[in-house]
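Peer 1: Sequence:
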Amino acid sequence: MNSKSVFELILSGEIESEVIYEDDDVFAINDINPVARVHILVIPKKKIATINNLNDSDVNLVGKMIMVAKQLAYELGIDNTGYRLLFNTNDDAMQTVFHIHLHLIGGQKLKDI
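Quick note on my numbering: the sequence shown kicks off at 542 and runs consecutively.
Keep in mind the hints are simulated off the structure, nothing from the lab. Built from N, CA and C at the ideal position, the CB exists for glycine as well. Incorrect hints may have been included.
[To be verified] In silico EDC-like cross-links for lysine to aspartate or glutamate, where the CA-CA straight-line distance does not exceed 16 Å: (1) Lys545 - Glu555; (2) Lys588 - Glu616; (3) Lys605 - Glu563; (4) Lys588 - Glu549; (5) Lys587 - Asp620; (6) Lys586 - Asp566; (7) Lys586 - Glu555; (8) Lys605 - Asp565; (9) Lys586 - Glu549; (10) Lys586 - Asp564; (11) Lys586 - Glu563; (12) Lys611 - Glu563; (13) Lys586 - Asp599; (14) Lys586 - Asp620; (15) Lys545 - Glu563; (16) Lys587 - Asp566; (17) Lys587 - Asp597; (18) Lys650 - Asp620; (19) Lys587 - Asp565; (20) Lys545 - Glu557; (21) Lys605 - Asp566; (22) Lys587 - Glu549; (23) Lys588 - Asp566; (24) Lys587 - Glu557; (25) Lys605 - Glu557; (26) Lys587 - Asp599.
[Said to hold, decoys possible] If you anchor each label on the Cβ, the simulated ranges turn out as follows: (27) Gly604 - Lys652: 25 to 31 Å; (28) Gln649 - Gly604: 15 to 21 Å; (29) Ile573 - Asp632: 16 to 22 Å; (30) Ile561 - Thr622: 26 to 32 Å.
Could you put the whole structure together from the sequences, leaning on the hints where they help?
Peer 2: Here is the structure:
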């Protein structure tokens, strides 16, 4: 049996976290280890371990994650100054939770990568 990811535990209420956005498909929370003034995670409710595990039926879900991040950037007033959207995939990219999530990072000048 697969154990629940931390995001599934948050969604089920087993771990407390402030959900700042939620709809039928995705939810968003603040990252507990922010790298910038704004650092939000947009998470699908469907558990997909890594970007490598996406299939054709997930295209709309991933597109929705990006649109939610865009809307949150607008609501937080960082849409015009700039922000970064990032998926980490596997160990070399520092993926620590194996349930895909999109990082929305901004609110300050970011370092070049």
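Peer 1: Now tell me if each hint is right for this structure.
Peer 2: Each hint tested on the structure:
Taken as a hint, the Lys545 and Glu555 pair is honoured in the structure, with Cα atoms around 10 Å apart against an allowance of 16 Å. Simply put, Lys588 and Glu616 have alpha-carbon atoms about 27 Å apart, too far for the 16 Å limit, and the pair is violated. This hinted pair checks out: Lys605 and Glu563 have alpha carbons roughly 12 Å apart, not beyond 16 Å. A threshold of 16 Å between alpha carbons decides the hint, and for Lys588 with Glu549 the separation of about 8 Å falls inside it, so the pair holds.
Restraint check for Lys587 and Asp620: the C-alpha separation of about 27 Å exceeds 16 Å, so the hint is violated. The suggested pairing of Lys586 with Asp566 holds, with an alpha-carbon distance near 6 Å, which does not exceed 16 Å. Pair hint Lys586 plus Glu555 holds up; C-alpha atoms about 15 Å apart against a cutoff of 16 Å. Between Lys605 and Asp565 the alpha-carbon distance is near 11 Å, which keeps this suggested pair within the 16 Å criterion.
Annotation: proposed proximity of Lys586 to Glu549 holds, straight-line Cα distance about 7 Å (limit 16 Å). For a cut-off of 16 Å, the pair hint linking Lys586 to Asp564 stands: about 9 Å separates their Cα positions. Of the supplied pair hints, the one linking Lys586 and Glu563 holds, its CA atoms being roughly 9 Å apart against a limit of 16 Å. Restraint check for Lys611 and Glu563: the C-alpha separation of about 14 Å stays at or below 16 Å, so the hint holds.
Taking the CA atoms of Lys586 and Asp599, the gap is near 12 Å; set against the 16 Å cutoff, the hint holds. Note on Lys586 and Asp620: the hinted pairing is violated, with a Cα-Cα distance of about 25 Å set against a maximum of 16 Å. At most 16 Å may separate the alpha-carbon atoms for a hinted pair to count; Lys545 and Glu563 exceed this at roughly 19 Å. A C-alpha spacing of about 7 Å is found between Lys587 and Asp566, which places the hinted pair at or below 16 Å, so the restraint holds.
Annotation: proposed proximity of Lys587 to Asp597 holds, straight-line Cα distance about 14 Å (limit 16 Å). Simply put, Lys650 and Asp620 have alpha-carbon atoms about 13 Å apart, close enough for the 16 Å limit, and the pair holds. Between Lys587 and Asp565 the alpha-carbon distance is near 10 Å, which keeps this suggested pair within the 16 Å criterion. A hinted pair counts as satisfied when its Cα atoms are at most 16 Å apart, and Lys545 with Glu557 qualifies at roughly 15 Å.
Among the hinted pairs, Lys605 with Asp566 is consistent with the structure: their alpha-carbon atoms are about 8 Å apart, no more than 16 Å. Distance hint between Lys587 and Glu549 is fulfilled; the C-alpha atoms sit about 9 Å from each other, no more than 16 Å. Under the criterion of a C-alpha separation no larger than 16 Å, the hint pairing Lys588 with Asp566 is consistent with the structure, at around 11 Å. For the proposed pair Lys587 and Glu557, the alpha carbon gap of about 19 Å is over 16 Å, so the pair is violated.
Our distance criterion of 16 Å between C-alpha atoms is broken by Lys605 and Glu557, whose separation comes to about 24 Å. Pair hint Lys587 plus Asp599 holds up; C-alpha atoms about 10 Å apart against a cutoff of 16 Å. Checking the proposed 25 to 31 Å range against Gly604 and Lys652 shows it holds: the Cβ atoms sit about 28 Å from each other. A C-beta distance of roughly 27 Å is found between Gln649 and Gly604, which places it outside the suggested range of 15 to 21 Å.
In this structure the hint that Ile573 and Asp632 lie 16 to 22 Å apart at CB holds, the actual value being about 20 Å. Against the hinted window of 26 to 32 Å, the Cβ-Cβ separation of Ile561 and Thr622 comes to about 19 Å, which falls outside the hint.
Checked against the numbered hints given earlier, this structure breaks hints 2, 5, 14, 15, 24, 25, 28 and 30; the rest are met.
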